[in-house]
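Model the placement of chains W, B and U on the given structure of chain P, informed by the hints.
There are 4 protein chains.
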Amino acid sequence: MIEPGQLILLISHKGKRYLRKLEAGGEVHTHDGKLLMDEVAEAGFGQYVKTHLGKSYLVLKPTLHDLIKGVKRQTQIMYPKEIGYLMMKLGIGPGSTVIESGTGSGGLTTALAWFVGDTGKVITYERRADFYKLAGKNLERVGLAHRVEQVNRNIEDGFLHSGADALFLDVRTPWEYLGAIPDAVIPGAMCGFLLPTVNQVSDLLRGLEDGPFAELEVLEILVRRWKPVADRLRPDDRMVAHTGFLVFARYMEQPEVQPLPGDEPEGIPDSALSDEDPDDAPVTEDDPDALEV
Amino acid sequence: MIEPGQLILLISHKGKRYLRKLEAGGEVHTHDGKLLMDEVAEAGFGQYVKTHLGKSYLVLKPTLHDLIKGVKRQTQIMYPKEIGYLMMKLGIGPGSTVIESGTGSGGLTTALAWFVGDTGKVITYERRADFYKLAGKNLERVGLAHRVEQVNRNIEDGFLHSGADALFLDVRTPWEYLGAIPDAVIPGAMCGFLLPTVNQVSDLLRGLEDGPFAELEVLEILVRRWKPVADRLRPDDRMVAHTGFLVFARYMEQPEVQPLPGDEPEGIPDSALSDEDPDDAPVTEDDPDALEV
Amino acid sequence: MIEPGQLILLISHKGKRYLRKLEAGGEVHTHDGKLLMDEVAEAGFGQYVKTHLGKSYLVLKPTLHDLIKGVKRQTQIMYPKEIGYLMMKLGIGPGSTVIESGTGSGGLTTALAWFVGDTGKVITYERRADFYKLAGKNLERVGLAHRVEQVNRNIEDGFLHSGADALFLDVRTPWEYLGAIPDAVIPGAMCGFLLPTVNQVSDLLRGLEDGPFAELEVLEILVRRWKPVADRLRPDDRMVAHTGFLVFARYMEQPEVQPLPGDEPEGIPDSALSDEDPDDAPVTEDDPDALEV
Amino acid sequence: MIEPGQLILLISHKGKRYLRKLEAGGEVHTHDGKLLMDEVAEAGFGQYVKTHLGKSYLVLKPTLHDLIKGVKRQTQIMYPKEIGYLMMKLGIGPGSTVIESGTGSGGLTTALAWFVGDTGKVITYERRADFYKLAGKNLERVGLAHRVEQVNRNIEDGFLHSGADALFLDVRTPWEYLGAIPDAVIPGAMCGFLLPTVNQVSDLLRGLEDGPFAELEVLEILVRRWKPVADRLRPDDRMVAHTGFLVFARYMEQPEVQPLPGDEPEGIPDSALSDEDPDDAPVTEDDPDALEV
Chain P
1 MIEPGQLILL ISHKGKRYLR KLEAGGEVHT HDGKLLMDEV AEAGFGQYVK
51 THLGKSYLVL KPTLHDLIKG VKRQTQIMYP KEIGYLMMKL GIGPGSTVIE
101 SGTGSGGLTT ALAWFVGDTG KVITYERRAD FYKLAGKNLE RVGLAHRVEQ
151 VNRNIEDGFL HSGADALFLD VRTPWEYLGA IPDAVIPGAM CGFLLPTVNQ
201 VSDLLRGLED GPFAELEVLE ILVRRWKPVA DRLRPDDRMV AHTGFLVFAR
251 YMEQPEVQPL PGDEPEGIPD SALSDEDPDD APVTEDDPDA LEV
Chain W
1 MIEPGQLILL ISHKGKRYLR KLEAGGEVHT HDGKLLMDEV AEAGFGQYVK
51 THLGKSYLVL KPTLHDLIKG VKRQTQIMYP KEIGYLMMKL GIGPGSTVIE
101 SGTGSGGLTT ALAWFVGDTG KVITYERRAD FYKLAGKNLE RVGLAHRVEQ
151 VNRNIEDGFL HSGADALFLD VRTPWEYLGA IPDAVIPGAM CGFLLPTVNQ
201 VSDLLRGLED GPFAELEVLE ILVRRWKPVA DRLRPDDRMV AHTGFLVFAR
251 YMEQPEVQPL PGDEPEGIPD SALSDEDPDD APVTEDDPDA LEV
Chain B
1 MIEPGQLILL ISHKGKRYLR KLEAGGEVHT HDGKLLMDEV AEAGFGQYVK
51 THLGKSYLVL KPTLHDLIKG VKRQTQIMYP KEIGYLMMKL GIGPGSTVIE
101 SGTGSGGLTT ALAWFVGDTG KVITYERRAD FYKLAGKNLE RVGLAHRVEQ
151 VNRNIEDGFL HSGADALFLD VRTPWEYLGA IPDAVIPGAM CGFLLPTVNQ
201 VSDLLRGLED GPFAELEVLE ILVRRWKPVA DRLRPDDRMV AHTGFLVFAR
251 YMEQPEVQPL PGDEPEGIPD SALSDEDPDD APVTEDDPDA LEV
Chain U
1 MIEPGQLILL ISHKGKRYLR KLEAGGEVHT HDGKLLMDEV AEAGFGQYVK
51 THLGKSYLVL KPTLHDLIKG VKRQTQIMYP KEIGYLMMKL GIGPGSTVIE
101 SGTGSGGLTT ALAWFVGDTG KVITYERRAD FYKLAGKNLE RVGLAHRVEQ
151 VNRNIEDGFL HSGADALFLD VRTPWEYLGA IPDAVIPGAM CGFLLPTVNQ
201 VSDLLRGLED GPFAELEVLE ILVRRWKPVA DRLRPDDRMV AHTGFLVFAR
251 YMEQPEVQPL PGDEPEGIPD SALSDEDPDD APVTEDDPDA LEV
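Residue numbers (full-length UniProt numbering), protein chains in the order written: chain P, 1 to 293; chain W, 1 to 293; chain B, 1 to 293; chain U, 1 to 293.
These are computed hints drawn from the structure, not numbers from a lab.
Watch out, some of these pointers could steer you wrong.
Intra- or inter-copy, both count: the list cannot distinguish identical chains.
25 Å max Cα-Cα, derived DMTMM-like pairs, lysine to aspartate or glutamate [what the hints assert, rightly or not]: (1) K21 to D118; (2) K50 to E156; (3) K14 to D66; (4) K137 to D118; (5) K227 to E176; (6) K121 to D66; (7) K72 to D231; (8) K16 to E217; (9) K227 to D237; (10) K50 to E27; (11) K14 to E217; (12) K121 to E253.
Chain P with its partners taken away, still in its complex shape (with noise of 0.2 Å):
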C-alpha cells in the first residue's frame, strides 16, 4: 500500500514514464487512458495496474537515477557518474549545508537535495530568472522543494550565505569567483567545480593556487558499458567519453604557512594533506595513509 505524498514512477508497455506524487482520489492521465491513483496505492511498487482503456502500467519507487532523468532541462545536466563521486569527495550526507552556483535545470540541485534529506539544507544560486523558475519547478515535481533555497543573484556580488559545509560551481568561469567563497564556506570546506575544457581547468588552477586553497585534484570519469549478454561478453561499441573535468579543493585559512626558524611548522604542506592518489590507492592495514584511531 502506497502512501499519499509519496513519488510513484509509472511506465506503459512502451517505456513511456510519468513522475508523480500519489494523491487519494487522483488519476494520471496517460497516452493509453486514465489511472486510478488509489488502484496504484493499493496495486503496490513493482506491480501492474490498468488504465481505462485496459493498457498495463508498471508501477515502480523511483530512484535519484529516475527523478533526475525527469527533470526538464533547457540546459546541460550532469551525468550520475559525476554526481555520485561529487557526493564523496564533497561528503555530502544528511544534515550537510551546501551551496551550489549556477543552478541551471536543478539536475544536480534535485541531488544533492536527494542527500542532504530533511535536515540539511541546499542553497543554489542562478543569475537568470527563466533558469531559476524551471528549476523551482523541477524541484516542486520532485518533492525536494523544501530541502532547497534558491536565490536569483548574479554570485558576482557575492553569497549571501556563509557557514556551509560544501561548496560547487558549475559556472563558465569559476576563477573570478574565488574570492567569495571563504566567506562561504567553513574552514577547510571542500570545493567542487566542474569544466569542459582543459584551457578552463589551466585558468582554475592558477586562481586556487594564488587563493587560500589546499589538497588541488583534478580528475575525469568514464563509463565503459558492456552488452549484458553471457555467452558474448564485450563492451559496447561506443561510449561517452567526454563529459568534463572535475577539480577539487579545500578551502584553507592558511593553506602555506610556513615555519619560523628555530619554530615548529605552523602550516601543513599539501602534500601532506592529499596523498598522491587518494581514490585508487590499493589500500592495506600498514597503508601509511592509514588513520590511527
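Here is chains W, B and U on its own, set in the frame of chain P:
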C-alpha cells in the same frame, strides 16, 4: 566551537591522520605529543592546534571519503568511484533500507550508513566471524553503528529481512543467491553486484536472465587523474585500470509477462524499461525518455 | 611530375575521393566532370587541377591509411589503431613473410602487403569465394596484388605454406586451428588474433595454454580523439569504446620444457620471456630487461 | 640455418637478453658462460643452445619490438602503441623518405628505418652531440644505420633536405619550427607531433592554424592489458594512463583558398579533407567517405 560527539579529523604537518569523536575534557595521544580536545573544540574546523610538544595539527570535519579511508581493513574495500555510482543507481538516500552482503571490513557499509541517515537502515550479512567483528568496530569508531544491523550468517541460508528498497552483493558467486532476493526486497527494487572477472559476470548474467530480473546492466568506472599544474597540465602517468565490473538488475515479479492474443500486453519488455545508455544519453527537452510529469 | 603507375588520390571540394593509378593519356570521370591524368601528373602532389566543368580537385599521394579507407568492403575491417600495433608486435617489415586468415575484404591484407614491401610476401587464406574475389580486386586496385598470394581454402584443412615469420588469425573460432600453426611458421614466430568477445578470448587462451605457445598477451587499444581547437581544447564527446581484443602468443617448440633434477633447465618459463608490461614499462638505462648488446 | 649478418636474440632461462649480429666463428659472452655462434646458426630460430657451462639459451629472430626494447637510452623513448599508429598515419612504408627531429636515443629512428626498408630513407636531426652519437651506436648495433642519415644540427637553422614524404617532430616547442616544414616536405605530406602537456598542444594548434596546414587532428592512444588467464579473465590492475598527445596535420600549399564570387571554389575546406572520425568510423559499403575507384 565543535560539539561533543562530533567526529574530528586531526592531521599532522607530516600528514599523519587521527580520526576521533570529540569528548569534553578528552585527550588525543599523537606521535607528536598530546592534544587537548577542549582546545580542539574551541579552535574549530579548519584551524590549527598545538600538542604539548608544540607541534601543529590541523582540525578538519571528516567527509565520507575520510571515513572510508580510515576503515581498518583485512579485505579489499570498494573505491569511491564505485560507491558514489552505486548510491545513484540503487536509489540510496535518507530513509532507505538496504541489504548488503558480505560486510567484509565494512567500507561500503560505512558509506551506506552515511547516506541512509538516521531514518534509514543498513542490514549487512557476513558469514565470517572475524570480519563481522572488525566491521562492527569500524562502524562504532565512525559513529554510524546505530544505523546498521549486522548479521553473522551465511546468505546460503537466505536473508532474514524483507521489504528492503535495494540490495547489494559483493560475494564471489552471487548467482548462487539470486533465489533469496525476492523474499528480501520490494518488487521493483534495484540490485547491484561487484565482480572482478568477466567469467563471473557471464555466470551472473545467466542467473539473472533465468530469474525474475529486468534492466540488466554491466559497466566499469574509470577515474583518470591529472597532475594539477596549470602550465604543464597533463594526465598522471599511471592509473588504476581495473577494480571490478558493476552489474545492476531490477527485481521484477513478472519481468517477462507475455501479452495474450487479443488482449493487452501485461508486461513490459526489458527494452522499454532500460534505455540503452541511461547515464550517458545527452538528454534534451524532446528526449523520448523525458518524463511526462 | 608524377610518374605513370603511381597511385594518386583526388579529392573534390566536397570531400569526394577518387583513388587511381596514373596512366599517361588517361582520364578520371568524377561527379564534377572529367579530369585529365596528364594535367594531374604535371600539377604534382599537393596541387589542384580542374575538371572540364571547372571544378577544382586536390591531388594527394595516398598514405596506407587512405588505401585502407578505400577498400570496398563486405565485412568489418580492422582499424588503424590495431593494424599499426600488430605490425610492431608481429615484427612485420620489408622482407617479412606472413600468413593471414581470413582475408575478408582485404583491409589487413592491404596493410600487410604495404609493409612487407617487394621483398616480402603475404599469404592470405579465405574459404568464401566471394570474399576471395573481392579482396583480389581491392588489392589489384591499390597496386599491391603482386605481394600477395591468395588462397581460397578452409584452414580447417591446414595451411599449404611453411616457414612464415608471423601469422595472424581473424576468424571466429581460432582455437580450432592452433594445431595447424607449427607446420606453417618458424619456431619462435609471433602469432596474433583479434576477437570481439571475452568468451572467445577465454576459449583461445585455453587452447594456447594447451599448445606449444608462450608469452601470452591480451590487450585492447583505445584511441581518444580531441577537438583540435586551441582555446577550447577538450576530448570528443564520444569515442569508439570497443573493436576487439588483441591476443598474442609466440609459437615455441618446447615452451614448457622442465629442468631435470641435477641438470640444467632446458626450457625457459613464460615469465622469463614475457616481461609483465612489455610496451608500457618506462624503460631506463638500468632496466633489468634492457638488452646486453 | 641462420645466415651470417642476421640479427639474433638470445634469451637465458632467467630472461636475460642478448642481441647480436651472427658472425661465423664468433662467440657471445653471457652471464652464464660462452655461446658459440656457429652452434647458434646450426640450431636455428626457436631452438635452444647451451653455454660452455651447460646453461640453455633460446635463439629468436628479433622483431622490431625487440630491437626497440634493446635501444640504449638516455631519453624517454616512444612506445609501440604510438609508433605503430604513426606509421599508418604518416604513410611510412618501404621506399618512404621521412624527416625526424629530435633523434634522442634513436628509438623511433629505429622503427622508421625498419619500415622504410632499403629503398627508403630516414633523415634525423639532433642538436645534442651526445644523443647524436648514442643514436648512431644504437642504429649500428641493430644493423639499420645504412638507411639513416643523421644530422647533428639545430632545426632552428632549418632542415637541409627537401621533398620528404612525411615529417615527425618530437621536440619541446614544435610550433617554433613550423616555418621550416614547407621547404622540407612535398605538398600534401603528413606531419606528426608528440607532446606531453595540453598547454603544448594548444600552442601547436595555434601555430598550425596560422600556417599552411589542414586536417588537424589530436588524439591519445591507450593500451589496456588483460591478465591472460582463461578462467579468471580480467584487466590488469594498473595501466599506463599517459605518454603523450599525438597531433597530425597535412602540409598544404593553399589550405584555405577561398572561392571567387561567380567562380568555382579553388580550395577545399578542412572539413572536406578530414572526416570527423577517420579511424573510428564504422565503415560500410555505402559510406559517403568510401572511395570511388
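- Are there hints from earlier that the structure breaks, and if so, what are their numbers? Violated: hints 2, 7.
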